[in-house]
Amino acid sequence: MKKIICESCGHENPEGTVLCGACGKPIENNQHIDGNQSGKLLNMRYEGSARRSQTHNKSIIDKIWNFFSSVKVGVTLIVITLIASAVGTIFPQEMYIPPNVNPAQHYADQYGILGKIYYQLGFHNLYSSWWYMILIAMIGTSIIIASLDRVVPLYKALKMQKPKRHTSFLQRQRLFSKTESVSKEDMETVAAKLKSQRYKLTEEDGHILAEKGRFSRWGPYVNHIGLIVFLLGALLRFVPFLYIDDYVWVREGDTVVVPETDQQYYVKNEEFIIETYDEQDKRYQAAIKKQGGSVPSNYQTDAVIYKASNASVAGEDPELEVVKEGSIQVNKPIKFDGFALYQSSYQLDEFKTMTFKIHETEDEEEEALTSFTVDLTNPEYEYELDNGFRVVIDQYFPEYYLDDGSPASKSKYPRNPAFVFFVYPPNEDSPEVSFAGIGRNVDATGENDYKVGLQNFEVRDVTGLTVKKDYTLPFIALGGLIFMIGVIQGMYWQHRRVWIHPSESGVWLAAHTNKNWYGIKRDIEKAIDGTEVKMVQDQQELDE
Amino acid sequence: MSKVEEAKQRKNKKKKMRLVFRSSILLVLLAAVVFVLVSNFNKDKTVIGVGADAPNFKLQQMNGDGGELALDDLKGKGVMLNFWATYCGPCKDEMPYMESLYPEYKEKGVEILAVSLDSTDLVVDRFIDDYELSFPIVRDNGGQVLELYDVGELPSTLFINENGEVVEKVSGPLSLDRLEGYLQQIVPQ
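Going down the list, the protein sequences come from chains E and U. Throughout the first sequence, residue numbering follows the UniProt record's numbering, covering 1 to 544 in sequence. Throughout the second sequence, residue numbering follows the UniProt record's numbering, covering 1 to 189 in sequence.
So that you can see chain U by itself, here it is in the shape it has in the complex (with noise of 0.2 Å):
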């Protein structure tokens, strides 16, 4: 091999090598940045979004039998969670929707499970007589399942399929037709 070739193969070689050390840098530093705006994307999005298990929790039913009442015991049904509040007006609108679709979805395998967030049960029991709600109502008394699934507006529904999977989740409140095609999504199979 002459010199010269000598000197070109060398030089190809750093070349090389000044790619490769450059890319891998800015490739690092692209990584860093998408990083970032990934997570401050992600930071106000609720924990539990659409796709994701709706997690297990255990409240007091204030309504029907009474005693325990866990999202657990309701697998292989389909779920709607209403989160609500006897001082947030757009819930109490929602509620009649709610109860009139009831006794045709509990038919299908639907259940509708409405979670309070106010301060004492006497205020949801004056609120169940007063508007005659047939489907199981729970108080979050600790606020311990608000914490857990992150709710920021009232009212806010998730509609979980047999699996315990969350489908669909609306923030604010449902027209009658709008929470029917929901309900409709989560007839179990």
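Looking at chain E on its own, in the form it has when it is part of the complex (with noise of 0.2 Å):
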């Protein structure tokens, strides 16, 4: 690697410093860099001090780090991931489409050729498709490496800057003045009062640094660290010791195993309630009638955790531990080791009996002889009834349909239950066939002396609920305050130099911050107040 000895001071710099990094003095065949050869004032982005990248390309790794170093293409990056992003949102996402439909048809019929492309392209499921994380995973490698690549050179730079500068880096600050005679009082005068504004002074051969604020310098790598941390956050989710998003759907009085838990706890049931708005409460009739109906105003699960306390076979039946009782609300989980269970969804009334009751078909007032309730979560294969009747279940459709002119369930749960009843009377051994269900009850034949027909029923509710363990929420929750942290430290304070450079008689005085030129213009008003030392005057204004 080539060296760059400053004409000036003979401060060795490494090869791409556009500023030297001792005395300031442009460097002149780097000036293209930060582009300062037209123009009257210096750009001081990273003290004009050498960043590698920008300069070594040699084997394919520099090439690889050159490329995620460039600042222009972390913003492209950033740019596409917006734009992907924004996409992602024009038609729903694959978990918000209805369950049980094929998506590739799905996308196709509801939003045509568009839909279609979408879904090839997976934008239907965005967000965790292969190349939205690949750009994820490039711009956290671009911030790491753009952020190391700046860093340790301007480190360097401010660590090793000294207050004797080159007069051409002085007369091109953008906060410069020139002042003919002065005092050395007023130039003291002018050191201790920007030390009394809590300015650090450096001082070589009568020349002075006056200096505040540095650390703000370091806010957007320490924001960079924030983001690498939420991301590493982001990355945990993906081990499932960690993080686990499931979901369970349970019935009032069952008790069924929490997913992702290894069967070791089960989760009961015991009630699901919804509760309205009181229609009759005044405070809330203008907002019920605006809304056309009740409002809930809550939804709850009384719940019963279980903890397996034998290790057993999947599928015997464990023998189970009270852990937790207690309600779950919206946003109020049950909590137990480590996992929540959070209400997200319900289904009301779903059938849970149906009593039966056998009359004389010519019967038109349909007088019960007989009844039997049907337990649908675990029917009876047979009923013995008063009167000598006899009842055998032959068919049981828990959510009955007819498939091609045939009696079929199209699932296991009792949302519409039909039976086939083989209908003994008494002293018969050959049965009455009769299909039973809601508002159903045909005979079969037509010639039966008996009809069965639905006289009551009871229903439960099912409750969802998500199944939910987050152990990397404090690392997203750490990654957010780091970055918070490196915004305010960058947003709030401002690294301002001023250098006081004593000429024959005079003295120059130039001055640099990174944002908030009012603010040091003040401080140095303040601190020439009452000397001969002028005003700095703002070049780049003076430009305009």
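I should point out that these hints are in silico values taken from the structure, not numbers from a laboratory. If you're wondering where the values come from, they're calculated on a predicted model, not measured in any experiment. Hints should not be assumed to be uniformly reliable.
Taking CB as the label site, the calculated pair distances span [said to hold, decoys possible]:
(1) U:Val167 to E:Asn441: 47 to 57 Å
(2) U:Ser23 to E:Lys72: 17 to 27 Å
(3) E:Ser344 to U:Leu19: 45 to 55 Å
(4) U:Phe35 to E:Gly122: 13 to 23 Å
(5) U:Leu27 to E:Gly122: 24 to 34 Å
(6) U:Glu132 to E:Ser309: 15 to 25 Å
C-beta: ideal position from N, C-alpha, C; glycine also.
Mind assembling these two chains? They're in different frames, but the hints should get you there.
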């Protein structure tokens, strides 16, 4: 690597340096890097230090490194990701389309050719598609490498800066003034007044550098560290031990295994409750009227959490031990062993039991001769009834529908239960066949003496619970906190520097800040107040 | 050693260090990306895939002699493990195929075990009577086996060899020919 020796102060600068690290004199051949050739003012970014990425490009590793080091590349990646994310909201993501439909079909049917393209490019599952993840990963890489490549030279440059600067460096600062003759006392006053404004002074041969708020320069890098921690937290969500997001439906009275707990935990739904706002209450009347109906005020599952106490084989009835009892409400989950169950959905009024009566077909009053109750979760095969009747359930369809003319069930859930009954009248050996369900009682032969009709039923509700386990939140929160600290550090403080450069009988004053030029001008005004030293002029404003 | 050589050596050392530093950072980042992509790719895959050991379970047999039936009891035999339900049309269609091949393959040491996901014994019993099924049928009452095997689609069939290892996994219905092909694969040697 070539070294560049500063013509003025003899300091050895690494290749690619724009402004001499010690005295600040522009290195003649490198002014194009920061666009300093034209214009009066110096570009002060990264203190004119050498960003190696812009000069060294030898091995493949260096090439990859330099690609990610480029801010242009980083910004491009961010823009692409933003556009992709926005496109991902045009049509719903796959998780929001109805379940049990073929996604390929669904997108094409609903949204036409655009939907089809959307699906094929993976936008239906954008945020977990491989190319989106690679984009995010590339942004992460770019943040890390670009930061490393800049923070190190910047740190070095700021650490070794000298109070004594080259005149061309000073003249080309934005804030600059020349005072022809100044007394020594006045110069000392200015320095002292800067010190009293909490500037840190360093001196070399009567040349003074007054500096404050240097730490604000690290703001962007602290902020990047926050982002990296944040991304790492998101990455950890792929470790099942740290992050689980699943779902379980539980019927009232049922106890089911909680998914993703290795069959260790069970949840029982004691009761599902929906409450609505009181329509008689004057406070709510206007809102309820506007809504056009009752407005729910509470969704709640009273639940019991059990732990399987013996290490049983799957399928065997485990011994259950109560771990926790309580109610789950929206945003008030029940928690156990790192898991949380959240109230997230429900279905009302699934059939639980049905009571049928038997009456004479001829009887217009349909007076019950006898009746029987079928527990839909565990129907008996045969019912011995009063009056000598006997009923056998020949077929049970929990969710009845006609499949090409023959009765069938859509699911195992009793949403529309129907039965084929064999009714044995007293002292008869051959049964009468009856079909009975909700709003149906069909006499298969048309010759039955007795009919089966629905007399009564009980329903129960089903609650939908989200199963969550999330140990990644602390990482994500920490990332957010560090990010904020970085933002505050960079936004609320500025790195202000004033160079006091004694000339033959007078003084040169130059100043630089990374933001808030008004603030540094006020600092200087206060410092020169009552002295001969001339106020700095804003050379940028003069240009305009 | 002259000063020039010294400087050269220093320079080379620095260069090497830089290469190592950059390579290792890029490597770590690459590893993170690969980890994310691989985990994401495997996320939707079932836990029990081809090559995995079929985990044990124990359920009540609905037909035949009744009693408890554990998968481990069938070690040493090839096992066709079929997940089905009475409300699943394609499941019903493949049942006669299974029944027709069962006697022949039982002789050869292959057992067919069908796990029903229905919610009541009644519907399963009536179905067994209807279709006259003789191979063992169990009902996954609490859905634990379903959860254990992470079965998504019905029907789903796992072909397990005599060592308890999953040889083949089929989601969706099977034709008679394909079924026989798979059964041949799990005939114990």
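Structure-based check of all given hints:
{"no.": "1", "hint": "U:Val167 to E:Asn441: 47 to 57 Å", "in the structure": "holds, 50 Å"}
{"no.": "2", "hint": "U:Ser23 to E:Lys72: 17 to 27 Å", "in the structure": "holds, 24 Å"}
{"no.": "3", "hint": "E:Ser344 to U:Leu19: 45 to 55 Å", "in the structure": "holds, 52 Å"}
{"no.": "4", "hint": "U:Phe35 to E:Gly122: 13 to 23 Å", "in the structure": "holds, 20 Å"}
{"no.": "5", "hint": "U:Leu27 to E:Gly122: 24 to 34 Å", "in the structure": "holds, 28 Å"}
{"no.": "6", "hint": "U:Glu132 to E:Ser309: 15 to 25 Å", "in the structure": "violated, 41 Å"}
Hint 6 from the list above is the single one not met by this structure.
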